[in-house]
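Student: Quick mapping for you: the protein sequence lines, in order, are chains A and B. Residue numbers are given in the numbering used here: position 265 of the first sequence equals residue 265, and the series is strictly consecutive. Start counting at 1 in the second sequence, then tack on 1000, and there's your number in the numbering used here.
Take these hints with a grain of salt, some might be off.
[Claimed, not checked] Computed list of lysine-lysine pairs in DSS-like fashion (alpha-carbon distance at most 30 Å, straight line):
#	chain 1	residue 1	chain 2	residue 2
1	A	Lys112	A	Lys171
2	A	Lys119	A	Lys193
3	A	Lys112	B	Lys1235
4	A	Lys171	A	Lys107
5	A	Lys107	B	Lys1111
6	A	Lys193	A	Lys65
7	B	Lys1111	A	Lys119
8	B	Lys1235	A	Lys226
[To be verified] Reference excerpt, derived from the structure (chain A facing chain B, CB under 10 Å, subset only):
#	residue
9	Tyr48
10	Pro149
11	Arg191
Keep in mind the hints are simulated off the structure, nothing from the lab. Since the model is a prediction, treat every value here as computed from it, not as a measurement. Ideal Cβ positions, reconstructed from N, Cα and C, are used throughout, including at glycine.
Listed here are the chains, written in short residue letters.
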Amino acid sequence: MEHEFQLFPEQASSYAAKLDWLYYSLVGVAVFFTFLICVLILTFAIKYRRGSRASRGNPSNGNLKLEFTWALIPFVIMMISFGWGTRLFMEINRPPADAIDMYVVAKQWMWKCQNQNGKGEINELHVPVETPIRVTLISEDVIHSFFVPAFRVKQDVLPGRYTSIWFRPTKPGTYHLFCAEYCGTSHAAMRGKIVVMERHEYAAWLEREGTTPASVQGRLLFERFKCGDCHGGDTSDDGPMLSGLFHRTETMRDGERLEPDLGYVRQSILEPQARVVAGYQPVMPAFQLSEEQIFQLVAYLETLSAQPLKSNTLPEELSR
Amino acid sequence: MITLGRKPHNYLNANYSPWSWLFSTDHKRVAILYLISITLFFFVGGATAVLFRLELMTPRGDLVISETYNKLFTMHGIIMVFFFLIPSIPAVLGNFLIPMMIGARDLAFPKLNLLSWYIYSIGGVFTIAALVSGGVDTGWTFYTPYSSTYSNTAVMTAALGIFITGFSSILTGLNFMVTTHTMRAPGMHWFRLPLFVWSNYATSLIMILGTPVLAISLLLVAVERFFRMGIFDPKLGGDPLLFQHLFWFYSHPAVYIMILPGMGVISEVITCFARKRVFGYEFIAFSSLAIAVLGFLVWGHHMFVSGQSMYAGMVFSFISMLVAVPSAIKVFNWTATLYKGSITLQTPMLYALGFIGLFTMGGLTGVFLATLAVDVQVHDTYFVVAHFHYIMVGGMVMAYLGGIHFWWPKMTGRLYPEWWGRVSAAMIFFGFNLTFYPQFILGYLGMPRRYHTYPEEFQVLNVMSSAGASLLGVGYLIPLGYLLWSLRYGRAAGDNPWRAKGLEWTTTSPPPTENFQVTPVVTEEAYAYSAEESEAEYQRQVEEFARGEETLEESRREL
Ligand SMILES: [Cu+2]
Ligand SMILES: [Cu+2]
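Same shape as in the complex, but just chain A:
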């Protein structure tokens, strides 16, 4: 986050250079065709100005071959651009399996960030360098957008629905986090910082900040709301068992089959009657949990899994 004048954005993620290749190639194409058209216009305007000696014999009013040529050339360029852009788009839409999870709740006009270790931050998110980070996003009110130009990634943050974004920072430093979707009065003030730290510094920072891990906070919530009374162990038949929840497929009362995920758990807490697992009665009352509490609860549920989850915890070196 430098304050000097710049013409090109900094490359601070593994993906940034890849996108820049595509971007600057398109710049090349755009410059080439703009110059081509401008040069042609100027040449013709001068050469064929009224009174010039240029020959005007056999004017042509159309030429099929020419028309197809200049339809085909843009078409081919478009298809290359489409293919290249789509490949990169798929890459940023598919987080690697070993990505660390972070959670961000957006609201007018701030970012509430939380990492797996329970450390909560406002308008700041500390992340370790050279580590894939997956950020799960949700909004408490209107639509916002999580945008880190130095990483070349952006994702709208919706109310009532999770979206996610991932990146692998490559350069320690502080980078802008912008809200890119207009969200009302202080939209422009909804700016934050992504602080990328060396891995050992990050580990030290986590230790220094020493807070209760999210899963522990989730466990406290689990006990406070007495979730275990119905969803407890194998004994209860009031509600589905919660251990190993994220590793099975459930059939709903209406026959729908789904793999429970964050979104399903959130819906089951806020509107439990919406999608009830087959074989159970719709008896669960709604709970008014905040978005952060839902994140914590899910972090706890993940520890209940029969097998380890798709590595949603910090790499050993980091968690120590």
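Start from chain A and add chain B with the ligands according to the hints.
Tutor: Frame of chain A, contents of chain B with the ligands only:
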């Protein structure tokens, strides 16, 4: 001022009373009513831009507070899109010219035409009311749930204004389509139509099919606001992305309402000042239709990062790429039209050539936005702002001004001062580029749009942009001044000062109320220009002039 003997009867001097204007069903008078109203809106919309460009000179918010800033850019968008760009060429030049170009005495439904102006004005009154009753802060895009639940500004008044105005463009579109189908003069078959008529026909298609969807989406916002019925706000059980789908289903095609008519003007102007038949007539005509039809299938390119499915993004990206093909065809055909022409660079031609360059840049940067991964970075940044201003201001406004200059002699019977015309055209071109080119760079750097304050490193580019905007502002005021001046002091134009082809030039200037004394019969293709003839005539003129000089010299010697 040249005094003519008895002024011939024309649509302007037919009757001077205000009522004869306000209740006129003459398409030419309705066009003038539109011209006056959209000019007013253009300068109101421009004034808001001046204010927020001033604010953006510094990274801090020191001129206006954020609420005011948000209302300024919202009003700028609403006014410029719905009250200037959409009606600009169709409602002013289209209204004036389409009947004359096809050899008709009026549009198919003259009363509906007048009604459409009244509807437009009522919509405009509501929008101005929203502006003076405190303003709106949702952006012209009205994204939910912000607009439907959270904003406590005059959202409904503004939305109502747009809702009402929508009907005026539906009526205009309907009128143009029926007129083009049923009222062509004998011999004016489809492939003899001026390309201006083709492009307005394609525009009408969009107006009729798209506008109702916009009306419905605004109505749904109203329903949610008033009755707290959950349509878009998830807290009430709605889906916020539904609004974006509905909104862009209209508003992407609406982008083509804001450029296709401009392309029509360019085809008319280029052929006239290059004295050449247009190159690839059918390709230009059908590419307008192709753009109009494809335009309905690409709305999702505004939603690549919105949370819509990745695969939907791919489909929308692919179809958006296809739109580039007909656009490229047009640019190449216009350029090829210049080849072997007999070119003069009067003001309308300067605007037309400027259009081609700026539209090319606007179109090419559109490819960036259609490319999924690149859009992720530049979506909702100044890159997008720059891109659509290259299309809408660099394209449509340039075409509109070019068209106004080109047909001014026909509309008013007067010539505008050529030198001033060229100076302001050049000024607008440079001012425009200085304003919007830096915004491409800002966008890739990551500066989000609709930001009242911004990090310091973006200041230099913002100052450049604001400097350009002031040049642009002056560039727009000059034509306003000299065009008004020319109404009284301009030289009389004669019927056809450009020696242009096209039926509108075969009648007197200004035209009589009924356009033509005798219904014209069309016997030739559109744009029957010949560069060789033009050159031969020019040579004759040069020789005549030289002979004249000689005789002058001789008589002087004799004295
Ligand atoms: Cu925001
Ligand atoms: Cu679009």
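Student: Against each hint, give a clear statement of whether it holds in the structure.
Tutor: Quick rundown of the hints versus the structure:
For the hint pairing Lys112 (chain A) with Lys171 (chain A), the CA-to-CA distance comes to about 23 Å; that is within 30 Å, so the pair holds. Taking the CA atoms of Lys119 (chain A) and Lys193 (chain A), the gap is near 15 Å; set against the 30 Å cutoff, the hint holds. Between Lys112 (chain A) and Lys1235 (chain B), the direct Cα distance comes to roughly 20 Å. Compliance with the 30 Å bound is thereby established for this hinted pair. At roughly 28 Å between alpha-carbon atoms, Lys171 (chain A) and Lys107 (chain A) fall within 30 Å of each other, so this suggested pair holds.
At roughly 51 Å between alpha-carbon atoms, Lys107 (chain A) and Lys1111 (chain B) are farther apart than 30 Å, so this suggested pair is violated. Of the supplied pair hints, the one linking Lys193 (chain A) and Lys65 (chain A) is violated, its CA atoms being roughly 55 Å apart against a limit of 30 Å. For the proposed pair Lys1111 (chain B) and Lys119 (chain A), the alpha carbon gap of about 69 Å is over 30 Å, so the pair is violated. A hinted pair counts as satisfied when its Cα atoms are at most 30 Å apart, and Lys1235 (chain B) with Lys226 (chain A) qualifies at roughly 25 Å.
A distance limit of 10 Å between C-beta atoms decides the matter here; for Tyr48 (chain A) the minimum to chain B is near 5 Å, and the interface restraint holds. Among the interface hints, the one on Pro149 (chain A) holds; its C-beta lies about 3 Å from the nearest C-beta in chain B, closer than the 10 Å criterion. For Arg191 (chain A), the interface hint holds, the least distance from its beta-carbon to any beta-carbon of chain B being 8 Å, beneath 10 Å.
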